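Q: Protein sequences appear in the order of chains L and Z. For the first sequence, counting from 1, position 76 maps to 76 in my numbering; every step adds exactly one. For the second sequence, counting from 1, position 59 maps to 59 in my numbering; every step adds exactly one.
Bear in mind the hints are in silico, worked out from the structure with no lab data behind them. The structure displayed is predicted, hence computed values, not measured ones. For each residue, glycine too, the CB sits at the ideal point set by N, CA and C. You may find that some hints are simply not true.
SDA-like cross-link-like pairs, simulated, lysine to any residue; straight-line CA separation at most 25 Å [stated by the list, open to error]:
1. Lys27/Z with Asp60/L
2. Lys198/L with Asn15/Z
3. Lys37/Z with Leu53/Z
4. Lys198/L with Gly47/Z
5. Lys27/Z with Asn65/L
6. Lys27/Z with Pro194/L
7. Lys8/Z with Ser90/L
8. Lys27/Z with Gly25/L
9. Lys8/Z with Pro194/L
10. Lys198/L with Pro34/Z
11. Lys68/L with Arg142/L
12. Lys27/Z with Glu63/L
13. Lys8/Z with Leu195/L
14. Lys37/Z with Tyr53/L
15. Lys27/Z with Arg197/L
16. Lys37/Z with Ala190/L
17. Lys37/Z with Glu93/L
18. Lys8/Z with Pro185/L
19. Lys293/L with Ala71/Z
20. Lys8/Z with Asp57/L
21. Lys198/L with Ile12/Z
22. Lys8/Z with Arg92/L
23. Lys27/Z with Glu66/Z
24. Lys8/Z with Arg189/L
25. Lys198/L with Glu66/Z
26. Lys8/Z with Asp60/L
27. Lys8/Z with Tyr53/L
28. Lys198/L with Lys37/Z
29. Lys8/Z with Gly137/L
30. Lys8/Z with Ala190/L
31. Lys27/Z with Ala64/L
If we take Cβ atoms under 7 Å as the criterion, some of the chain L residues that face chain Z in the derived model are [stated by the list, open to error]:
32. Ser54
33. Met56
34. Ala196
Sample of chain Z residues lacking proximity to chain L, with all beta carbon distances greater than 10 Å (derived) [claimed, not checked]:
35. His13
36. Asp20
37. Gly23
38. Val24
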Amino acid sequence: MTPAELIDAVLALSMEKNVILASYGDMIRVPGSIPGDSLQRRRALGADVRVCYSPMDALDIAEANPTKEVVFLGVGFETTAPGTAAAVLSARERGLRNFSVWSMLKTVEPALRSLMGTEGFNVQGFLCPGHVATILGVEGFRFLPEEYRMPAVIAGFEREDILLAIYKLLKQIAEGRPRIENEYPRAVRAEGNPLARKIMAQCFIPRKDLWRGLGAIPGSGLGLRDAFRDFDAEKKFGVTLPAPAKSACRCGEVITGRLDPAGCPLFGTRCTPEDPVGPCMVSSEGACAAWYKYSDP
Amino acid sequence: MCLAVPLKLIEIHGNDAIGDAMGVRRKLRVDFIPEPKVGDYVIVHAGFAIERLTEQQALEDLETWEELDEALRS
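Next comes chain Z alone, as it looks inside the complex (with noise of 0.2 Å):
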């Protein structure tokens, strides 16, 4: 349940969102938080985005799932 993987907002219709990651699409809310944008990048728990990242902040991390990704793969 605990996914540290954010997704970027692609879409958002009131506090209903759809957010990519990797090419995977999701279905999430973003009641909590303020004045969501597409573009923004949150993490997600649950399906609800608790928290936003800067972009830096979200493609080291997204970096660092496509290598874990790469490895498992190999």
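One chain only, chain L, in its complex shape (with noise of 0.2 Å):
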């Protein structure tokens, strides 16, 4: 969900003589603004990036080149926020001077509140993320219901889990009664994980933050506190973003809801898994990439 100026002003990091941009890998395939240009492309034009599988190989590259800046692009949600705290305690601990991190991390709960409140908002019920609610708990979706009366199921990532948690969604839905229910329950317990959470709100705190599609939302995002702005790579870089792109995108549209990915212009034929625009088509698990691999043609 990073927008597009966003990862321009990261491919211009790539290109920095000697920064190291470690990153996981899905990210590597997302297009700044101009189609097709990503980490890999730069990659191939002779940036160093590197695929992590933890924040904490990012450490580990840091340690194996004292002379370079090992830049890791801190992103997800409450799911990898807490690691991404944790590797900046760690490099703290291990005192990494040429290690940073770029926090484009954001959270839930501010994002789902600004999506509903959206002019012409047309989703009828949540399936809350499985490993986001492993953190935050059944607590943390409770607002749904409570607040908006909105269906909610916590589902787990295996296919019966998922088939599972929109049987009941639905069933929700059918009988006019939102709640939240917890079909995850071997991962997901009523307080969540409060050790993760105090680590994460040890590093960050919530700040103004740009979606793609959506734009600004206020306390979405995650920034380094300023007891760690060694470890910032905005504030490290003097990192300054560049004028929204322009794009024929209609992602914002999709994920409220208010359009079928096939409404967009783009999609399937400019937007495809191989080559895509939006992020709603880089990862397998975006709305335009499920329905390109599962609609009928």
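Two chains, two frames, some hints: make the complex.
A: Here's what the structure looks like:
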């Protein structure tokens, strides 16, 4: 959900001579405002881009390359934020001065609240992400039925989990009884994981953040606290954001339920899973990618 | 990134640990698991254990994954 202009800034940083960019694998395919221009492409042009499975891998890269600056792209939600925080704490402990995090981390609740306040919002229920709920707990999603009368089911990741969660969601909608149900109880407790939340809060502070297709949402991003400024890539490199680029991608409408993926003029022609334009097509979990894969031609 | 395969902790050194799932070993961190012990089953997200599972829950999950694995091979 990182906006194209932010990706452009990342791509520019990746071309700096002494910089190694470390990122999760799915991020390296996300294009900036020029279609096809991604970290993957920049790597082919000579940028040093490393794929990490864990943020801790980036610390090892920093240790092994003391003359380089290693920048870890912190993306994801409450699932990856605690691990990113733990990596920052660990970097401080290990005295790594050439490691920093560029935080594009986001939080679920402000985004959901903003989505539901969008004009024309057309979603009847939410399948809540299981691993975000592992961190936040069932309590973290209770505002959906209680404040918005929105049916909500916390789902796991196996096919049976998803099917069962959809069934429960449809049942709630049919019965007109919105509530929060936990279909993933083996990994999600009522109170979530307080230790993970504590470490996350130790490093990060909520701030306004930009979303692709949605614009700025107050309090929806996580920035590093000032105590960790030495590990903040934005401060270290004086990052400024270029002006938002115009795009025909209608991802913002797709994720608010106002447009089917096939209704986007780019869908299936200019934008495909092999050559995606928007984030909904990049990730296999994205709405456009799923629509492309499973709809009849 | 959202893998639900549980790992069994087989080594722990501080917050660094090694987990095993169906014979595959993987490094992970256990910062968010209070008092982790060898033999615990955990679910892992991007290199960090985010929750402990009971053995029964973990074995049920693993059974499903083995079934899936078998179905994909045949």
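Q: Holds or violated: is the Cβ of Ala196/L closer than 7 Å to a Cβ in chain Z?
A: Nearest chain Z Cβ about 4 Å off; hint holds.
Q: Find the nearest Cβ of chain L to the Cβ of Gly23/Z and say whether that gap is larger than 10 Å.
A: It holds; Gly23/Z is separated from chain L by about 18 Å at its closest Cβ, greater than 10 Å.
Q: Given the hinted pair Lys198/L and Asn15/Z, is their Cα-Cα distance within 25 Å?
A: 16 Å, holds
Q: Given the proposed pairing of Lys198/L with Glu66/Z, does the C-alpha separation stay at or below 25 Å?
A: 35 Å, violated
Q: Please verify whether Lys293/L and Ala71/Z have alpha carbons no more than 25 Å apart.
A: Between Lys293/L and Ala71/Z the Cα gap is close to 21 Å, so the pair holds against 25 Å.
Q: Can the restraint linking Lys37/Z and Leu53/Z be considered satisfied, given a maximum Cα separation of 25 Å?
A: 12 Å, holds
Q: Regarding the pair Lys27/Z and Arg197/L, is the alpha-carbon distance no greater than 25 Å?
A: This hinted pair holds, its Cα atoms lying about 22 Å apart.
Q: Was His13/Z rightly flagged as not at the interface, with every chain L Cβ beyond 10 Å?
A: With a cut-off of 10 Å, His13/Z remains clear of chain L, as the shortest Cβ separation is near 13 Å.
Q: Straight-line Cα separation of Lys37/Z and Tyr53/L no greater than 25 Å?
A: 23 Å, holds
Q: With the threshold set at 25 Å, check whether the alpha-carbon distance from Lys68/L to Arg142/L stays at or below it.
A: 45 Å, violated
Q: Within 25 Å, alpha carbon to alpha carbon, are Lys8/Z and Gly137/L?
A: Status holds; Cα separation ~23 Å.
Q: Does Pro185/L sit within 25 Å of Lys8/Z, going by the straight-line distance between their CA atoms?
A: 19 Å, holds
Going through the hint list in order, the structure does not satisfy hints 11, 22 and 25.
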